[in-house]
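Visitor: Here is how the chains run, residue by residue.
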Amino acid sequence: MKRNIYYLLIGIVAVLIVALFWWATAIHSPLPVWIGIVGGIVFLYFAKKQVTDIVEDELSAKITEKSALRTLQVFWVIFFAFSAGAILDLLRPPPFKEPFWIRMRPEPPIDVFPLRFVGYLQLGMLCLVIFLYVGFRMYYSKKYGVWDSDEEQD
Amino acid sequence: MKNRIKVFRAMHDLTQEALAKEMRVTRQTILAIEKGKYDPSLELAFKIARYFGVSIEEVFFYEVS
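Heads up: the protein sequence lines correspond to chains A and B, in order.
FYI, the numbering for the first sequence is 130 to 283, going by my numbering.
FYI, the numbering for the second sequence is 79 to 143, going by my numbering.
Simulated from the structure, these hints should not be mistaken for lab results.
It cannot be assumed that every hint is accurate.
The list that follows gives simulated cross-link-like pairs (lysine-lysine, DSBU-like), each with its CA atoms no further than 35 Å apart [what the hints assert, rightly or not]: (1) 99/B to 80/B; (2) 125/B to 99/B; (3) 195/A to 131/A; (4) 272/A to 99/B; (5) 191/A to 177/A; (6) 271/A to 99/B; (7) 84/B to 272/A; (8) 191/A to 99/B.
This one's a predicted model, so the numbers in the text were calculated from it and none came from an experiment.
All chains should be modelled from the sequences, with the hints used to inform the complete structure.
Guide: Structure follows, in structure tokens:
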């Protein structure tokens, strides 16, 4: 299989996953998305093995490795800072309207984190990881001269 | 690390693409090595030197900047 066919397959799988996502929202079930993403990635993994051209060599492996490491480092800091703030919110002591020696019953607990918000938060984190990874990949590709041109390219 | 891959390529009348194919890497990797932006692994360095039929020191050399 040629390298371009493989890239075309990536595009087709991506479109299919988006379509599955919309279908899943219509039927209110996350199952198609789970199956679609896992199945799509497994399919692409085996498709990559069939490519006869060189898709990955030591330079691209190094760029991938460095980008992934930096993404993890930055993401870990952001995630830790955000999680620490959220934990502080969870550990907040229940408020009392009157002094506790008059009335020992606490106020009803406050809504700490609406469940739906967790989904948006995950989406935001996912987007952050993707943007960080793409950004670092572009940075290291430029650093190692992957996009440089020379006399042979013209 | 500096190298003389471009010189050896010219001597063997070889394009970057052709050398990349022989070394089983992408053309971008050969380009990056030639420009000194990427230091190849020992394995690739030996493969390149062996392909040109010279010792590794003749192709790659260290220069203190």
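Visitor: Each hint should be assessed against the structure and marked as holding or not.
Guide: Okay, the hints, checked on the actual structure:
no. : hint           : result
1   : 99/B to 80/B   : 22 Å, holds
2   : 125/B to 99/B  : 12 Å, holds
3   : 195/A to 131/A : 27 Å, holds
4   : 272/A to 99/B  : 23 Å, holds
5   : 191/A to 177/A : 18 Å, holds
6   : 271/A to 99/B  : 23 Å, holds
7   : 84/B to 272/A  : 20 Å, holds
8   : 191/A to 99/B  : 19 Å, holds
Every hint from the earlier list agrees with this structure, and none is contradicted.
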